[in-house]
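Peer 1: Using the sequences and the hints, build the whole thing.
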Amino acid sequence: MSTELDSLYQEIILDHYRNPHHKGLREPFEAEVHHVNPTCGDEVTLRVHVADGRVEDVSYDALGCSISQASASVMTDLVIGKQVDEAMAIHEQFLTLMQGKGTVEPDEEVLEDGIAFAGVAKFPARIKCALLSWMAWKDATSSAVEPVETMEETT
Amino acid sequence: MEGLLPDLEIVRKDFPILSRTLANGQPLVYLDSANTSQKPQVVIDTMVDHLERHNANIARAMHQLGAEATAAYEAGRDKVAAFLGAPDRDEVIFTKNASEALNLVANTLAWPGERQVGPGDEIVITEMEHHSNIVPWQLLCERTGATLRWFGITPEGQLDLSNADELITERTKIVSFTWVSNMLGTINPVAEIARRAHQVGALVLVDAAQAAPQLPIDLAAMADDERPDLLAFTGHKVVGPTGVGVLWGRRAVLDQLPPFLGGGEMIETVTMERSTYAPVPHKFEAGTPPIVEVVGLGAAVDYLSFLGMDRVHAHERAVTAYALEGLATVPGLTVLGPLDATERGGAISFELEGVHPHDIATVLDTRGIAVRAGHHCAKPAHARFGVQSSSRLSSYLYTTPAEIDALVDGLEYTRRYFKLS
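Line by line, the protein sequences are chains G and L. Numbers 1 to 155, taken from my numbering, label the letters of the first sequence in order. Numbers 1 to 421, taken from my numbering, label the letters of the second sequence in order.
Simulated from the structure, these hints should not be mistaken for lab results. Hints may contain errors.
[Claimed, not checked] To give an idea of the interface, some chain L residues facing chain G are shown, with a C-beta separation under 10 Å as derived from the structure:
hint	residue
1	L148
2	G152
3	T154
4	T242
5	G243
6	T362
7	K379
8	H382
9	S389
Here a beta-carbon is modelled for each residue, glycine too, at the ideal position from N, C-alpha and C.
Peer 2: Now the structure itself:
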């Protein structure tokens, strides 16, 4: 029973949950989004700062479970400092891992601490938790790199 | 333990799902009955028998099966009317769920008719409502220019009635509130609120989705000024099937409301110029209704009446008191809502310091224990207590003290797992 739980709650996930990286909202930013998981109420407000096609910063304020909080922390580690297209490719790999029902072998070279989430894919109720901040990041980044969208008021 | 159903082990055998096991051979500990109740064999069998032997469309088929199906469907109405103590069986309207019943009222109040709501009018609800008794009224106010006003909640989880006279005024067209809160478990004073609302000529709509499963209801026995005008509940929480809900309304009020959905069965006659409408209940039952679901609901409320709603209520209280005692032994656990089992229903929401509700639910689930985690479709009530989400156990007539023990053990295990003890 606890081995099943341990596959979900990897030590890496609990570490990120207790000490989240890059948490807090910072400036400057070109886009801010607010995403919620309507079924459970988890929320994230997330900002991205992109310059010259590079993800300079991702900052966020989030409320939610260990999986959603740890996932946001790991995501920022993975995308900050990367070129946008490179970061989008990482996003794609993480999405594939989450939607793979536990059959996808994660690539540690690309996903680093993100491989700890492989076990989440076997808990259907929790996949959305793991994806919340990733989806918010993609949404915000897409807006940030679209010149028209960056004018959006973000209060 | 005093108050438990006398033949609890036999009653449990009526519910086949309770004997199944989950992953790793874990027995099921089902503590999510406020979400949906489990179904006794008699409901399942009655529905299967109807589909196997009596299936036909109702009210229009000129053949024996049609007559049988119509009789079975209308018998469902009689059984529900008896379950509620409705003064008149034609006051029982079948909808698809409680949400549709509430929406039926909120929608028809927007349209021309004796009860039409407009600018300057006010609708009064409470902060402890389920979203299904909030959003229809927000929509009604957006569409009509009426204003939505709210009863607050005391720190103890009771409705704050101290400003009732300022909230319910001559401008109030309808007061709509839950009888039993799905999140806090609070039992609200229906008679007191109804009296006040009726003094100013407002309608009273009671959301009985959580009350109907637990409390004996006898509408005819209520004093006229304390009786609601309308009452909604859903079939699947009273050991019946999904897909069927009930709106009960006083005939005089139902007659004042315009039709909701248009279609077959709700008309008297249709010409190209205009149509005239059937009397209640058919006026509000357009199209082929959920026939087998109504038949199943009839069997469900008969089953509850056979057990006796007084005894179901006593059982619920006993288990709730036992659960409150057990939860109090878990360090860092806070119950949201009244702490006295006599003042509340069987849904108990709680927070466990240091562990998010989702994580609690996942850990409990690996031990076969089903609870709900999240906002329970009551976000304003959660906001009132400064929390984003909570965990909720909800017992029912088949819940045993041993299942509560399993939950308390599971919560202790959860704390250990997350290294809180």
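Peer 1: Take the hints in turn and mark each one as holding or not.
Peer 2: Each hint, compared with the structure:
For L148(L), the interface hint is violated, the least distance from its beta-carbon to any beta-carbon of chain G being 22 Å, above 10 Å. The interface hint given for G152(L) is broken, as the beta carbon of that residue sits about 21 Å from the closest beta carbon of chain G, more than 10 Å. Interface restraint check: T154(L) against chain G, minimum CB-CB distance 23 Å, threshold 10 Å, status violated. The beta carbon of T242(L) comes no nearer than 18 Å to any beta carbon in chain G, farther than 10 Å, and the hint placing it at the interface is violated.
Nearest Cβ of chain G to the Cβ of G243(L): about 21 Å, over the 10 Å cut. The hint is violated. Contact between T362(L) and chain G, as hinted, is supported at the beta carbon level, the nearest pair being about 7 Å apart and thus within 10 Å. Nearest Cβ of chain G to the Cβ of K379(L): about 7 Å, under the 10 Å cut. The hint holds. Contact between H382(L) and chain G, as hinted, is supported at the beta carbon level, the nearest pair being about 8 Å apart and thus within 10 Å.
The beta carbon of S389(L) is positioned within 10 Å of a beta carbon in chain G (closest approach about 5 Å), and the interface hint is therefore held.
Violation of the numbered hints given earlier is confined to hints 1, 2, 3, 4, 5; the remaining hints are satisfied by the structure.
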